Amino acid sequence: MTVRLALSRVMAVAWKDLTTERRSKAGFNGVVFMAAITLLMFGFALGPDPAALRTAAAGLLWLTVLLSGVLAFNRSYELEIEAGALDALLLYPGGRWPIFAGKLLANLAFVLLVEVITVPIAGVLYDLPLLTPLPGLTGVLFLGTVGFVTLGTYYAAMASRVRAREVLLPLLLFPMLVPLLVAAVGATKAVLAGDPMGYGTAWIRLLAAFDIVFLAATFMTFDYVIGE
Amino acid sequence: MTHTKGSTTIVGALLILALVAAAQAFGVLASAPDRDMGHLQKIMYVHVPAAWNAFLAFVVVLFGSVMYLWKREEKWDLLAGAAAEVAAVLTALTIALGSIWGRPTWGVWWTWDPRLTSTAILLVIIVGYLALRSFVDEPDRRARWSAVVGILGALNVPIVYMSVRWWRTLHQPQSSPSTVDPAYAWGLRLNAIAFLLVMIWLVRARYRAARLERIAELAAEREALGGRVVNG
Amino acid sequence: MANGYIYAAYALTWVVLIGFTIATVRRLRRAERAARALALPGEEL
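Chains as they are written, first to last, in our numbering: chain A, 25 to 252; chain B, 1408 to 1639; chain C, 83 to 127.
Isolated chain A, as found in the complex (with noise of 0.2 Å):
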């Protein structure tokens, strides 16, 4: 298949995933109102002293993303499978793999977008300073989100076709997610604090290192997943 067929394929999924939600408005604002409501929820159970807050904070916050950002995997595979799509989109020629990446992409612009929202937020309730480190910040954010957008949309292929898909979804892929959380909060963690040890660049790098890890394993292995 020709890269530029491939690419293609990959984008009419992406966006085939992403207009569906927009008709769909409660899929997203859902999911943005389950991060505030965490969030705040966070901060009666750990605060009121702004000092413990503030250094819980990033731990926090990327909390928050997975438990609000788990809720959007199910659904992505939800649609084809209520209509009997999934069956059609398997028949087409050429690998399985554009079906995966377009999903990934759809799901990493929703989570993306949902952060945009919950991390002011965050900032306002844990009192933290966002605009200095905004730059490192978004570089943190962004590559934390895609290995848990790439951990999630493979995972989400086999527990939304299965029961109890609530439970399993999170059963498989929080401990696959343990190294990431402990790297992007590390990451953030220095990112907001400024960076004084020096540490940030090397959780970032840990980081980015994952994201391909996880891309490669993925992406390779798919096939066995979407399969019949």
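Treat the hints with care, as some may be off.
Claimed, not checked - Pair ranges (Cβ atoms, derived):
hint: 1; chain 1: B; residue 1: Ile1607; chain 2: A; residue 2: Glu190; range: 33 to 39 Å
hint: 2; chain 1: B; residue 1: Phe1470; chain 2: A; residue 2: Glu190; range: 30 to 36 Å
hint: 3; chain 1: C; residue 1: Gly86; chain 2: B; residue 2: Ala1432; range: 34 to 40 Å
hint: 4; chain 1: B; residue 1: Val1473; chain 2: A; residue 2: Pro153; range: 46 to 52 Å
hint: 5; chain 1: A; residue 1: Leu31; chain 2: B; residue 2: Lys1478; range: 34 to 40 Å
hint: 6; chain 1: A; residue 1: Met221; chain 2: B; residue 2: Trp1513; range: 25 to 31 Å
hint: 7; chain 1: C; residue 1: Val107; chain 2: B; residue 2: Gly1633; range: 31 to 37 Å
hint: 8; chain 1: B; residue 1: Glu1545; chain 2: A; residue 2: Phe243; range: 32 to 38 Å
hint: 9; chain 1: C; residue 1: Arg108; chain 2: B; residue 2: Arg1522; range: 30 to 36 Å
hint: 10; chain 1: B; residue 1: Trp1513; chain 2: A; residue 2: Pro153; range: 33 to 39 Å
Because the hints were derived from the structure by calculation, they are not lab data. Computed from a prediction, not measured in an experiment: that's the story for all the values here. Cβ coordinates follow ideal geometry from the N, Cα and C atoms, glycine included.
Following the hints, put chains B and C in place on chain A, whose structure we already have.
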């Protein structure tokens, strides 16, 4: 796989368990109380063998998964599944024993060190693997998905270990659990071997059970479809 | 005092070993019975 009489299985199990008891007796009686730890170090005779064999069982899961994706023969998938069940029990036991050792030693039931956390993550991965297997009904899909999840999970464990290790060194100097006094080495080896026999017995028995269950399933399907039960 | 922990550790180990072994034997027996009932004598077990 040749048919073994039911009684041989039980005899085998009893023999092996007797060996475990003997190894434990040797270990506990033959070694003097540790300088610092008193008799507490004797917990190592169960904790360490459990840990080693838990990881070994998980290696069998990885091996079975790879072999299945390569050969596409169902027996590899059944082997992986059997090994995962044993690995789950041994891993949980390892963590519990480590906790029991840790409480009087460090004063806490749990610490966030790389070994303990990786083992806990390993347990979650195995439980997730088993949950996936229990939810998927079609054998072919179950085998394919289990194999992939198993392989990715296995690759993740060392990554978790390294991440946590790095995460920890940033906060405090690495303090690993005390290494075992050489005086304990022989007792440890004996117990490890005894436990290995237990692990092998359990995996073989559960593998055999899984194969027989599949045979019964297939035979029942054939009958249900209305034909005679055909040899093969 | 620490001896209580040692007893607990060994007791737990044995409970788990024996319990899991018994459960395995029972599952194996059930599977053997099921396969024997449905398969022809010549079929490889």
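Okay, the hints, checked on the actual structure:
In this structure, B:Ile1607 and A:Glu190 meet the distance hint of 33 to 39 Å, their C-beta atoms being roughly 38 Å apart. Between B:Phe1470 and A:Glu190 the C-beta distance comes to about 32 Å, which sits within the given range of 30 to 36 Å. At about 20 Å, the beta-carbon gap between C:Gly86 and B:Ala1432 misses the expected band of 34 to 40 Å. The hinted window of 46 to 52 Å between B:Val1473 and A:Pro153 holds, with their beta carbons roughly 48 Å apart.
Range check, A:Leu31 to B:Lys1478: about 35 Å between beta-carbon atoms, so the 34 to 40 Å window is met. Take A:Met221 and B:Trp1513: their Cβ atoms lie about 27 Å apart, and the range 25 to 31 Å holds. For the pair C:Val107 and B:Gly1633, the beta carbons lie near 35 Å from each other, so the given range of 31 to 37 Å is met. B:Glu1545 and A:Phe243 have their C-beta atoms about 24 Å apart, which leaves the hinted 32 to 38 Å range violated.
The supplied range of 30 to 36 Å is met by C:Arg108 and B:Arg1522, whose beta-carbon atoms lie about 34 Å from each other. About 38 Å separates the C-beta atoms of B:Trp1513 and A:Pro153, a value consistent with the hinted range of 33 to 39 Å.
The structure is inconsistent with the numbered hints 3 and 8, although it conforms to all the rest.
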